[in-house]
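Could you build the full structure based on these sequences and the hints that come with them?
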Amino acid sequence: MTADTPLRRFVADFLASPLAVIAGLGLLAIALTALFAGIIAPQNPYDLAQIDILDGSLTPGTEGFGGFTYWLGSDEQGRDMLSAMIYGLRISLMVSFIAVTSAVAVGMVLGLMAAARGGWVETLIMRIVDIQLSFPALLVALLLLASLGKGVDKVIIALILVQWAYFARTVRAAALVEIRKDYVTAARAAALPQWRILFGHVLPNVMPPVLVIATVQIANAIAIEASLSFLGVGVPITEPSLGLLIANGFDYLLSGRYWISFYPGVALLVTLVCINVVGDHVRDILNPRMQR
Amino acid sequence: MLAYLIRRLGQAFLVMAVMATIVFFGLFAVGNPVDLLINPEADLAEQEETIRRLGLDKPVHVQFGYFLAGLAQGDLGTSFVHNRPALELILSRLPATLELAFLGILIAVVLGIPLGMIAGLKPEAPYSKVIMAGSVVGFSTPNFWQGLMLIMLFAVFLGWLPAGGRGDTVDVLGIPVSFLTWDGLSHLILPALNVAIYKMSLVIRLTRAGTAEVALQDYVKYARARGLSPVRVVGVHILKNILIPVVTVLGLETGNVIAFAVVTETVFSWPGIGKLLIDSIGLLDRPVVVAYLMLTVFLFVMINLVVDIGYSLLDPRVRVKGGRS
Amino acid sequence: MNAPVLSVRDLVTQFDTRAGAITAVDGVSLEVGPGEVLGIVGESGSGKTITGFSIMGLIDKPGGIAGGEVLLKGQDLRKLSEPAMARLRGDRIAMIFQDPMMTLNPVLRIDTQMIETIRAHRDVSRSRARDMAAEALALVGIPSPVERLRTYPHEMSGGMRQRVVIAIALMLEPDLIIADEPTTALDVTIQSQILSEMQKLMAQRNTALIWITHDLTVVAGLAHRVAVMYAGRIVETGPVDALLDHPKHPYTRGLISSIPSSVPRGERLVPIKGMTPSLMNLPEGCAFAPRCPRASETCRKARPDRQDLATGRSLRCFHPLEEAS
Chain C
1 MTADTPLRRF VADFLASPLA VIAGLGLLAI ALTALFAGII APQNPYDLAQ
51 IDILDGSLTP GTEGFGGFTY WLGSDEQGRD MLSAMIYGLR ISLMVSFIAV
101 TSAVAVGMVL GLMAAARGGW VETLIMRIVD IQLSFPALLV ALLLLASLGK
151 GVDKVIIALI LVQWAYFART VRAAALVEIR KDYVTAARAA ALPQWRILFG
201 HVLPNVMPPV LVIATVQIAN AIAIEASLSF LGVGVPITEP SLGLLIANGF
251 DYLLSGRYWI SFYPGVALLV TLVCINVVGD HVRDILNPRM QR
Chain X
1 MLAYLIRRLG QAFLVMAVMA TIVFFGLFAV GNPVDLLINP EADLAEQEET
51 IRRLGLDKPV HVQFGYFLAG LAQGDLGTSF VHNRPALELI LSRLPATLEL
101 AFLGILIAVV LGIPLGMIAG LKPEAPYSKV IMAGSVVGFS TPNFWQGLML
151 IMLFAVFLGW LPAGGRGDTV DVLGIPVSFL TWDGLSHLIL PALNVAIYKM
201 SLVIRLTRAG TAEVALQDYV KYARARGLSP VRVVGVHILK NILIPVVTVL
251 GLETGNVIAF AVVTETVFSW PGIGKLLIDS IGLLDRPVVV AYLMLTVFLF
301 VMINLVVDIG YSLLDPRVRV KGGRS
Chain B
1 MNAPVLSVRD LVTQFDTRAG AITAVDGVSL EVGPGEVLGI VGESGSGKTI
51 TGFSIMGLID KPGGIAGGEV LLKGQDLRKL SEPAMARLRG DRIAMIFQDP
101 MMTLNPVLRI DTQMIETIRA HRDVSRSRAR DMAAEALALV GIPSPVERLR
151 TYPHEMSGGM RQRVVIAIAL MLEPDLIIAD EPTTALDVTI QSQILSEMQK
201 LMAQRNTALI WITHDLTVVA GLAHRVAVMY AGRIVETGPV DALLDHPKHP
251 YTRGLISSIP SSVPRGERLV PIKGMTPSLM NLPEGCAFAP RCPRASETCR
301 KARPDRQDLA TGRSLRCFHP LEEAS
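Respectively, the protein sequence lines represent chains C, X and B. As numbered in the numbering used here, the first sequence has no gaps in its residue numbers, which increase by one up to the final residue, 292. As numbered in the numbering used here, the second sequence has no gaps in its residue numbers, which increase by one up to the final residue, 325. As numbered in the numbering used here, the third sequence has no gaps in its residue numbers, which increase by one up to the final residue, 325.
Simulated from the structure, these hints should not be mistaken for lab results. It cannot be assumed that every hint is accurate.
In the PhoX-like style, the derived pairs of lysine-lysine whose C-alpha atoms are separated by at most 20 Å in a straight line are [said to hold, decoys possible]: (1) B/LYS61 / X/LYS122; (2) B/LYS301 / X/LYS221; (3) X/LYS129 / B/LYS79.
Computed spacing ranges between beta-carbons, pair by pair [as the list claims (entries may be wrong)]: (4) B/LYS73 / C/LEU19: 50 to 60 Å; (5) X/GLU124 / C/PRO193: 19 to 29 Å; (6) X/PRO123 / C/LEU25: 24 to 34 Å; (7) X/ALA133 / C/PRO6: 21 to 31 Å; (8) X/PRO123 / B/ALA19: 13 to 23 Å; (9) X/GLU124 / C/LEU25: 21 to 31 Å; (10) C/ALA173 / X/GLU213: 15 to 25 Å.
We put the CB at the ideal spot given by N, CA and C, even for glycine.
Dropping the structure here:
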């Protein structure tokens, strides 16, 4: 094992930026909070036995009738905002994570297919990609959901449909470069089956750009999901994401009950800033033009 | 150049046709607008009459045929809800959206380019770091929440500006505009700012990257070697070179601004096409949704064309070749 | 000889890097008189270009001039403020850059770039400036200069562009022109045309010229005096004929023996062994010692000081070559 593998250099470069490290740790904390929402959240906001309508619309830090302290206030139904946010964060992250990993899978298969097959297959796939990418993702997702209807599963489908194209384009471009390299020719000469060449040899080499884009797209997916839910075509009221929590608070904002919208938004913002800072930094490290 | 234009227009037409088909059939899956449109109290004959009038009694493919025939004549159908031609309805709302979009982009450019240039010229300075941090936050803030926060701060807590609506308008050439009256302007500022902040973050990033790259070019050093003032070097020699990518991206982003106006218009109850779209989706007003889509595709195609032309005006190297290389 | 136009004494230019300060120009002294052509010869990385930029006051951070004097007609340029220095650049000292493809701003027309230079230094009208620009183009042999003014750089050939740059340098009749490898990027035929025209113009106008190059053959035909640079220092200077016929520094001799035409046909070229040293880790003693056939223990321990010889030559070497070797 040599001391200077690409992975080690990558880790060292990453750790060189304190900002990126802080963002990365923040992201880890956010992910863990979402994962263990049931344990961490002070209350289960969807268990009707635990919420008290008498504790509705409390300002942050107020103690309720049951002696429960609402650190970030409560909503109209007496739901603890902090708990609702942690559960909402879980839904937001879950939706975008599932959507992006699926979009990566779909985009990768189609991108590899386009690069390996060429001809009309490539033309067809890339045409669809071009057309789709010329439209804003939010608008496409909005119209898709307008016909699919509400639901967590439907939001995920819409996100996959708007995001696969980014990955297909990236994978195809990177794969075309790889396919022309000597080791692929060598593998071909050794009569390895094509799928083994593509998945065993080409795919690992197209991963770095895919990972960079996936980071950015997770942030995008979270923002799009939140926007869709805000517009009333996203997740249903029974499974509120951060976006839907903010939308619910909209009605109370004008009467000064700001906390119902404010804190979920802060959580959303912090999550997105962390992802974008990490993503920016990873991209800078992997971009050969930026290397010192 | 002409062949290029024709090819582009052909592509655009194809895209519009495909989109129209997908959306038309897609919306059929949602539900029956009859349930929403017709007063349940109305007697059967009345209901029958409405269904026939809207053509909803015909099979799907026949309705699609009507739709295509109408499209060929520039008729995008009649809104079920408003009982007006869908296109006319959308066009009546379009000026509000365009005004919002253009003011937003204007703010983004006027503030974003100088800030991005500062950050690009002096990347290590503390104020540059502040600018870049601000742009990351602006880039990451969800647009609708940002709108809510603007309302919270300026309308609820400070009470300086109204929280929503369009306010007074003045007709200019028959088109109502807001920015000429104080009331209209006060209603316009927050939504426009909401559109601007995200775009501004984008402009700052692009400008900074461009400036940092252009500043290292020989022709910039040569401009200094000729004794030109820093204002001239930065304001002409650097600026003119970075404008090319910035204008390209911004032009392409104009479409996005109009699409994202859906969010801003909903937050600020701004009576543009985005708000109309959301309302129409909620009311299953199918012709309006389809018409919105057709118009948006049309706008996108036009914007792409305009950007290409603008590109060739800015970069003399492209102009000679007569197209993008 | 008349009083020198430019006199540089013990110039030191350093760049701060993470690994510490790098001395790119180390104690350079040189003089050029009116109408005189001084050739600065060296390999890439020898500090010859940095010397040119140091004289122009165009060293950017993290670099800076750490010591020495730069006197233009007796005035110390290092004591001037940046605006005062900018007034001087392009007017009293002009510079010609290496690559004509990169020197002129690609998005500005030739006339824009010429007129802005004139108007940065002379209080003349736009039309008068345009006339001056056309005259300058005619002077350097550009046909139909008035039409040429309206073109963009990319519409011209490399040789034509370099003529434009030369025209800009001559336009305001400077005291000194610094030309940094101005013909390296050009075809040989164009190169010789430009060389002979430059020579003629310099003599006519009594302008001092510093010609920076890696090519001794160019210097042989053009310069009156030569300075040979190695690793940031001038290792040998002298009148061109004496220096080329009887080099005293082993490095100078090495350079001459590397030129194909310097050895009789059929004999082998004698390249200099080894590589140009990195400025990051120069040897303790003479920088050339590791490559020098005559190096001794002394050379590896100490750096040779400058010795001024009677014949207008100077040298930095412990073991100079004898006359008539």
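Legend entry - Violated hints, by number in ascending order, as checked against the structure: Hints 2, 3, 5 contradicted; others consistent.
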